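Modelling step: build the complete structure from the supplied sequences, incorporating the hints.
Quick note, the sequences are listed as chains V and Z, same order. Here the first sequence stands for residues 1 to 411, where the numbers follow the numbering used here. Here the second sequence stands for residues 412 to 561, where the numbers follow the numbering used here.
Since the hints were made in silico from the structure, they are not lab data. Each hint can be trusted.
Below, a sample of chain V positions facing chain Z; criterion: calculated Cβ distance under 7 Å:
| # | residue |
| --- | --- |
| 1 | His-348 |
| 2 | His-350 |
| 3 | Asp-351 |
| 4 | Ser-358 |
| 5 | Gly-366 |
| 6 | His-367 |
| 7 | Ser-380 |
| 8 | Ala-381 |
| 9 | Ile-409 |
Quick list of simulated restraints, FRET-style, between CB atoms:
| # | chain 1 | residue 1 | chain 2 | residue 2 | range |
| --- | --- | --- | --- | --- | --- |
| 10 | Z | Thr-554 | V | Asp-334 | 51 to 57 Å |
| 11 | Z | Gln-475 | V | Gly-313 | 31 to 37 Å |
| 12 | Z | Gln-423 | V | Tyr-50 | 52 to 58 Å |
| 13 | Z | Pro-450 | V | Val-262 | 40 to 46 Å |
| 14 | Z | Gln-475 | V | Ile-131 | 19 to 25 Å |
| 15 | V | Gly-141 | Z | Lys-463 | 48 to 54 Å |
Lysine to aspartate or glutamate pairs mimicking DMTMM-like chemistry, simulated, CA-CA at most 20 Å apart:
| # | chain 1 | residue 1 | chain 2 | residue 2 |
| --- | --- | --- | --- | --- |
| 16 | Z | Lys-533 | V | Asp-357 |
| 17 | Z | Lys-539 | V | Asp-357 |
| 18 | Z | Lys-553 | Z | Glu-468 |
| 19 | Z | Lys-539 | Z | Asp-513 |
Since we're looking at a predicted model, the values are computed, not measured. Glycine residues also receive a C-beta, built at the ideal position from the N, C-alpha and C atoms.
For reference, the chains in residue letters:
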Amino acid sequence: MTTATFDPVMIRREFPTLEQAVNGRPLVYLDNAATSQKPKVVLDALRSYYEDDNSNVHRGIHELSRRATVAYEESRAKVASWVGANEPSEIVWTRGTTEAINLVSSAWGLDNVGEGDEILISVLEHHSNIIPWQLLARRTGAVIKYIELDEQGRWILDELPHLLTDRTRIVAISHVSNALGTVNPVKRVAAAAHEVGALVLVDGAQGAVHMKVDVKDLGVDYYAFSGHKMCGPTGIGALWARRDLLDSMEPYQGGGEMIHFVGRDESSWATVPHKFEAGTPNIAGAIGMGAAIDFLSEVGMDAIAEHEHKLLGYALERMNKVDGICIYGPQSPDEHSALISFTLGDAHPHDISTILDSEGIAVRAGHHCAQLAMQHFGISATARASIYLYNTESDIDRLIEGLEQVRSIFA
Amino acid sequence: METPQLNSLYQQLILEHYRNPRNKAELEEKSVEIHMANPVCGDEVRLQLRIKNDQIEEAKFVGQGCSISQASISMMTTLLYGCSLADAEILAECFTKMMQGDPDAAKDKRLKDLRALQGVSKFPVRIKCALIGFDALQEALKTYAKEENI
Ligand SMILES: Cc1ncc(COP(=O)(O)O)c(C=O)c1O
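Dropping the structure here:
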């Protein structure tokens, strides 16, 4: 498909979950930043693996195992090219973004971060890009420093030269904020981090979903992302890392699959990436994530980005006209990914979400696992509407109607 | 169009308590204080009681949360003034049963204004909001009893 033929209504039909009524109204799904719905091709890929090829990978000599291994490794290659990796071996399968970050904070962190060393993160981070570093800091005596936010939730980079020192070992930052939708200037920070010899890890959970990612162009060292936010299954995700880093790191977990030779006292490890994949992996998930990438590629990431951008502009324009609304994050659609975080009058976000749900509209309410960002704005929660390729203007119109309903109840 | 269920949830009395919570302040002399939070949604309460001769003399709270949690705690504290510890326990049990959908509990006159929250029982994901204050109360009663026995 090309941009000219991009039709969200057609695309929508590929997603069985979307074809239902909730509380008597057709479902409007605007909680895509939490997890996306899954197209039929992904569900078919899962089914076909279990029905036709089910067996363990890299173990059997038999035909089913061969097929499963081929499909599994082909998916790895798709994921590799999805983020512009040099080779498939730079991709380590994980449970998702969270595990990918924990892998780095443990396997790299414990050997490379010491007392007094510094870890730089931002106030905007998801808890999964805060807590692993706090755990590491607690074990090693390292110090965590923060990039602060301005009033629109953008990083304040004036301080960057002071925040980065010769003690900075790693900078761990998100590509796109799940709490505010801010698209962060990762490339600029990465360049500055490298000047002081720090590594750069990017939490790409909301990045690789909406835009073409090229890790080499970004100039980063690690990129973590999840399958379930980009039309793939839950329980699968990936860590991209520079090959030389993976080669130099100790394993993350020990077990089957990750060894070369096991002796009584000493063992040696399999080559990268298998060294980091102990135990039977989520084979079906990996295959499903490959199918999701095929699906998104066929629709076209440029077309998706353009559609989302237009819809975001429409949503911002309409929502800004709702009396009493307060939209957090960058006000310009150009600095904004496809999600809108807001509060409405004195209606608590949970109440907003309940009222919208009664109209069949799914949004998220809460702190979005970003309590530091909430604290920055002096709030405890927002409501969040997040857009994906299958959303339409009429979904936004329904959202606006729902918000008017909130206003009338909390009048 | 407003669905009838939603009407039963957002009654005027609830919204009124949400906007003008009663007893929302720090207690100077407290016998017991309990902090309860729901990490999933961020609702949070610190309940403070002053107790004398097995009777609650004063009940105050500080915290933040949705209309349901705030209204529930506000209404609860008004009923705790002069309430015996035994009656406070009964109140908490009765309210919890009402949230579990028990129709007899919902008719119990001792719940007074709290009966306005009956509709919450139809919204499973919101029941925790209504219960956070009562969970704090039950915890406070337990803690107080333990401390007194020592
Ligand atoms: C920005 C960001 N980082 C990390 C995560 C964690 O991803 P996962 O739960 O898939 O590991 C999420 C998803 O909730 C996210 O939005």
